[in-house]
Every structure is written in structure tokens, then in C-alpha cells.
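Chemist: Starting from the given sequences, assemble the full structure and let the hints guide the process.
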Amino acid sequence: MKNSLNREIPDGLKPFQSSSDFRHQERRLIPEKSPVDQSLFYPSLEAAFLAMDIKPGMTLSFHHHLRSGDQVINQVGELISKYDIKGLTLAPSSIFPEYRLSDLIIRQNITQIVTSYLNGPVADTIAKGHLAGELIMQTHGGRARAIESGELAIDVAFLACPVVDKSGNGSGAYGKSACGTLGYACSDWRYAKKVILVSDTLVDKLDSYQLDHSHVDGVVMVDSIGDPAGIVAGTTKITRDPIGLKIAEDTATLLTELGVIRNGFSMQTGAGGTSLAVADAVKKVMLKNQVKGKFASGGITGYYVDMLNQGLFEHLYDVQCFDLEAVESYHKNKNHIGISASEYGNPFENKSAVDRLDFVILGATEIDLDFNVNVTTDAFGKIIGGSGGHADTAHGAKITIITSTLTKARIPIIREKVRTITTPGSDVDILVTERGIAINPLRTDLLEKLSHSRLKIMTIRELLDLTYAIAGKPKEIPSGKKRIGYLEYRDGSVIDSLYDSPLY
Amino acid sequence: MKTGVAGTKESNDALISVFESDMLEIEIQSIVDLMYHDQIEKVIRETLKEEHIQNIRVVCVDKGALDYTIRARLITALKRMKSDD
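Those protein sequences? They're chains H and G, same order as listed. Quick note, the first sequence lines up with residues 831 to 1334 if you use our numbering. Quick note, the second sequence lines up with residues 6 to 90 if you use our numbering.
Wrong hints could be hidden among the right ones.
Claimed, not checked - Pairs of lysine to any residue residues, derived as SDA-like cross-links and limited to a Cα-Cα distance of at most 20 Å, are as follows:
no. : chain 1 : residue 1 : chain 2 : residue 2
1   : H       : K1305     : G       : I36
2   : H       : K1311     : G       : L39
3   : H       : K1238     : G       : N17
4   : H       : K1238     : G       : L71
5   : G       : K68       : H       : I1307
6   : G       : K14       : H       : A1239
7   : H       : K1303     : G       : R50
8   : G       : K47       : H       : E1306
9   : H       : K1162     : H       : N1139
10  : H       : K1303     : G       : E25
11  : G       : K68       : H       : I1073
12  : H       : K1238     : G       : K68
13  : H       : K1238     : G       : H42
14  : H       : K958      : G       : L39
15  : H       : K1303     : G       : L39
16  : H       : K1164     : H       : G1094
17  : H       : K1305     : G       : I33
18  : H       : K1303     : G       : D38
19  : G       : K68       : H       : A1239
20  : G       : K47       : H       : I1300
21  : G       : K68       : H       : I1241
22  : H       : K1238     : H       : R1291
23  : H       : K1238     : G       : D43
24  : H       : K1238     : G       : Q44
25  : G       : K68       : H       : L1333
26  : G       : K14       : G       : V66
27  : G       : K68       : H       : G1302
Claimed, not checked - Here are some of the chain H residues that sit facing chain G, going by a computed Cβ distance under 8 Å:
no. : residue
28  : F1210
29  : A1239
30  : R1240
31  : I1300
32  : A1301
33  : G1302
34  : P1304
35  : I1307
Hints were generated in silico from the structure; no laboratory data involved. Note that CB positions come from ideal geometry on N, CA and C, so glycine has one too.
Modeler: Laid out in C-alpha cells, this is it:
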């Protein structure tokens, strides 16, 4: 069966129609978890694990706020291995290279995985075809929607929680493993059948918290929930690469020409060096023209904290803190507001952060002549990431801009067809490269506004031809033969399939 | 045996080593081998021809370098080989 983007998808699943099709759909909500009288404190993770009576076929969920440093998923993984429970579905919001799940997949303890982002050994194990069931990749907002609708029914959520109090309330704001906001855990906390908080810092009473004890069945204190060095990255610096800086400056010029850097505007960028360079270039325009923005959202870095402190934005809406400055600011500054993944990007959420964005700056592994973007697989079919909030922000923001060099280690970014569609081209408006800027022909309004631009506006086909002139045309690398999973768009429809990598 | 080396193993660059030899040997290890092997070999052969070299051993460790980078690294490696005592 094919969907509207002409991608082959598994029979029996809902084919992707369009990025706005959800507007014709009803929001479905299962009942929230009924309130718990009192959260039980278990003497060990093993005791809690056994009390949950975990059986084959159940679904366990996790969040990824402790990122590379997370020890909770590994500790639960060891228990799954010890009691050799088979046929589990794992639904962590993301999977990092440090998560030790490969053996559990090979031994069929884990037979299905639902997540929004993965790379490293687990991704390779799956791309080699070892997962017995399928890999289902969602967006951050789509995961929240799948949980609240009951499509992703969670039996037990093991939620790493940097600080808990004696009533069972939990927060990420401080503690020795502080990670800031726990935005990706909120849906799990609200809708999982059972919720266990796993923490390494206990206080008498928390004054404010994201996870209220009313939904917390159990609390476990362990020695450590994570390695602080892996939880928060060092501060990302603005790129010094002259090509990255040129792309950033051109992007800021473009935004200025489009007139979107004005009082009350809102924006999001990634946390990488080029993204921060764009933020920096935007900041200069704001200072020069005395512009004050409404909010910046996303994964928040210290760079945005500085902008908040300088009064350049009223608020930060933060679903995930990326560095220590962001964690600190989330803890102390009331204008640095933690939001849930649902409030961030659920298509059915009224006034979600993404729907209020004026523009978003995103990356791409591949972008094709129809502006479809792939951030899930690389040119060789390896799984190297996933949507995260890519498709959510691209749809919500009024203008979606992809910034990239034309080639990365010779591999062209522009392709005739992307290997995997993460984000549909109808939601991608502008591609900024070091050699020129392409506008999606669907956005006649932007083309009109930029008709007298001093920037080099080209068609995406011209940019592709230029790429071939510089790098040569690459030999086609075939798709794998065995389907290993699929990508769910925000509304739960299937936008593309995933295949094993022909490299293996 | 005279040798010459030029380049780095940084992304977008290539490390090219040349060795005196009585036959033509070209070894290519590239992160984009599946896509660009033939193109890399072609550039090396063309550059050797322009430099009037028939017999040599070339080892190219490529990290996604563009043609002009491979050409420049090879020419420099050849120059260094000539002045290698």
C-alpha cells in the first residue's frame, strides 16, 4: 500500500494523507490514570520491578532527559535480562548510544521499540534486522498524542527523576543528577498504568514539581540515576567554521528581508554550532532594531538563557534542557517555563508551542526536490536519528528553514528522492546553503516577498546541479530488502517505512 | 625507497601516500567508496598522467574529499617524494 507521498507502507496501517489531515480528526483521550492514595517507597529497583509483575507482551516506557548519562534504562534492562522476560515493547522517548539494549533485542527480550530518536549500537542492531518485531518511530508531539489516545498503551513507566520528596512528588530542577525540565515524561506520568519514579536525591518536601505524587505508584531511591557528565553537555559554542557562519548570516538577512524579526515574534533553533550562529545573528538584528521577542522554545541552551536574561525574550518554553546553564535557569527563573511534550508539539494541543512559532531553523541529512526532509537515516541506510521535534516544529512554525552545507564529506544533502521521509516537503519552506537559497515553490508568498532579495535565490534543482558539478553525481545505494519498521507522522498515520541497511 | 605524504584524515580531506614502485598500484579506502570509488580512482589516474608518472604506488585514505582536494594532495605528495632523500 502506498501513501500520498508515494511511499510503500505496511498494509493495514493508516497511510499518511497530509500534514494538516489531523484537523479533520477528533482528539481521542483515554482516562487519566486514577489517583494513587499513597506512593510506595520500594527498597530497591528490583523490588519495584518485581512488584510491577512485568509479563511478556507488556510495554515499558522511559524518558531520555538524562541523555547519554542515563542509568535507569540500563538498570531496568539488567533486570529484564536477569528475569529473562520475553516479548517486551520498549517505549523510551529517545535512545542514546550508551543505552545497553542490543543483547536484549538479540535475545528477544525486547521485540518491539517505539521511540522518537535513536542512534549508535541499538540503531545498528535494529538496522541489521535483529529486532523480531518492528521499530516504530514517532515525533515528540506524536508520542504524546499516541500515549493520550491509548495507541501507545504503557504498562509501566520507569521515570528517572533527579529529586523526589517524601510524598512522591518529582522534579528535575535540582539534585546531583539534575536535568531540568522533564517534559518528555509528562504523558507517561499521566497515562501509564503504573508509574515508578527512580531517584537519587530525596528531600522532605518539594515546593514545586512537574510530576505530582497522585500518579506515582512507587518511588525507588538508587545510588545514582545517571552520570552528570552525560546528562548535560558542555556549553555548545557558536561555530567558527566560515561556511557555517556565512549560512547563519544569510539566514538572518533572509529573516530580516521577510520582516519576521519584529516585536512579539517567537523562534526555535537547534542546539548545534550553526543553529547557535543563526540565533546569534538574529540576536544582533534584535539589538540593533530594539526588538523584543515573545518566546524561544525547544531544547534550551545557555545561549537562549543569556538572551532571556538580557530581556530579548519574555519567556523560554523548555521541553528539554541541554546544558547546565539551562538547568540552573529553569530552576531559578520563573520566565523559563518547563512544558510537556504535548504542550510542545501534540497536533491536538490547543496553542502548542510549535503552533505559535514564527520560524524554526532545522537541519537535514537529506532534502529532496519536493523539499521532503530525512533526518532519520543516512545515505547508506543506517539509522542515525529521527524526527524528535523536526516534523512537529516544521508543521507548526509559520516559516520552516533548513540550514545546511551542500555536501557533508562529499555526500550531497540535496537528493532527487530522500531515502526516508521524516518531514513532508509541504511543511518545509526554505533551504539555506552556502551557495544559494531555495524556496519551496508552494510558498508563492515568500517568493513574492523575496523577489528583490539581495541574497542568491535559486531553485532547488539548480542547487542540486551545482552540487553535482562540485562533488560529482554519487552512485545510487539501493534500499535494504527487509522492512524493519516504519515512521509515524504526528497524527499516527504512516509516512514512510524503514528497511535494513544494505551495508550489513 | 622514496615516499611522500600529504593531507589529513579530517572530514572532507584525504591522506595520500605515494611510494616508488615498478608498477602502478592504487589503493583507495574511502568513507564514500560506495558512491565515489570510480570518481576517486579517475582523478588519481588523470593527475598521475598529467604529472607524467606511470609506475607508482598510491594509497588514498579518503574522508570525503572533493576532486580538487584529492588532486592537490596527490601532487604535493609526489613533490615530497621527489625531494625525499
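Chemist: So, against the hints stated earlier in the document, which numbers end up violated here?
Modeler: Result: hint 10 breaks, nothing else.
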